[in-house]
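Let chain A serve as the given structure and place chain B on it in line with the hints.
Sequence order for the protein chains is A and B.
Just so it is clear: in the first sequence, position 63 is 171 by our numbering, and no numbers are missing.
Just so it is clear: in the second sequence, position 85 is 883 by our numbering, and no numbers are missing.
It is worth saying that the hints were derived from the structure and are not from the lab.
Any given hint might turn out to be false.
Not the full set, but computed from the structure, chain A residues with beta-carbon under 10 Å of chain B [what the hints assert, rightly or not]:
no. : residue
1   : Gly111
2   : Tyr156
3   : Glu160
4   : Ala200
5   : Thr202
6   : Ala208
7   : Phe213
A virtual CB, placed ideally from N, CA and C, is assigned to each residue, including glycine.
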Amino acid sequence: NAGVTQTPKFQVLKTGQSMTLQCAQDMNHNSMYWYRQDPGMGLRLIYYSASEGTTDKGEVPNGYNVSRLNKREFSLRLESAAPSQTSVYFCASTQDRGFADTQYFGPGTRLTVL
Amino acid sequence: AQSVTQPDIHITVSEGASLELRCNYSYGATPYLFWYVQSPGQGLQLLLKYFSGDTLVQGIKGFEAEFKRSQSSFNLRKPSVHWSDAAEYFCAVGVRYNTDKLIFGTGTRLQVFP
Numbered sequence: 109n110a111g112v113t114q115t116p117k118f119q120v121l122k123t124g125q126s127m128t129l130q131c132a133q134d135m136n137h138n139s140m141y142w143y144r145q146d147p148g149m150g151l152r153l154i155y156y157s158a159s160e161g162t163t164d165k166g167e168v169p170n171g172y173n174v175s176r177l178n179k180r181e182f183s184l185r186l187e188s189a190a191p192s193q194t195s196v197y198f199c200a201s202t203q204d205r206g207f208a209d210t211q212y213f214g215p216g217t218r219l220t221v222l
Numbered sequence: 799a800q801s802v803t804q805p806d807i808h809i810t811v812s813e814g815a816s817l818e819l820r821c822n823y824s825y826g827a828t829p830y831l832f833w834y835v836q837s838p839g840q841g842l843q844l845l846l847k848y849f850s851g852d853t854l855v856q857g858i859k860g861f862e863a864e865f866k867r868s869q870s871s872f873n874l875r876k877p878s879v880h881w882s883d884a885a886e887y888f889c890a891v892g893v894r895y896n897t898d899k900l901i902f903g904t905g906t907r908l909q910v911f912p
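This is chain A alone, in the form it adopts within the complex (with noise of 0.2 Å):
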């Protein structure tokens, strides 16, 4: 049972590169979340999806954007990354409600943009 899942667990980036952070989920889950996790920040809503061919922006979408692929499938894309996006991301699912079911999360992606 593997969860969710994300790769790569690292990368490295130099400023003005793109690439995609992929995400997984094995449980069914209709909801999909990406956080960035930085010092002293807690985590942050990037963008989620409720639900199959739905997506709406969190509270730092900027220099963001995501494709609910299919049901267990959840990307994030960087298309110009910049300094300001090195930071941890974290995928997680829900069963339905965001706000009252519990979150299941990977691992993370530890991007430095240089």
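Leaving out everything else, chain B in the frame of chain A:
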């Protein structure tokens, strides 16, 4: 606006000592409250959650939390800390407005000395 405050950035305790981590929230409606734990290099894992009913909630790993509406608090406690409890702890409140989401506190890092 909704917010979660964890006033202690870093706490150090001796193994076997009791622990209390503080969490205060600001939210107009009846809150959904959570505590998550993050071990080094890992994603977050749910410790416990409170929706309604008994204000003392039991969680995994011997943790408990008490909801006090009059103080807008949801403090996490453990009677006797083990070295394996060293981690970062996040309090979160579930918010349901135009976005169903969790708002996280900034976290408390727990260090345990033998």
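Quiz prompt | Violations among the numbered hints | solution = Hint 3 alone not satisfied by this model.
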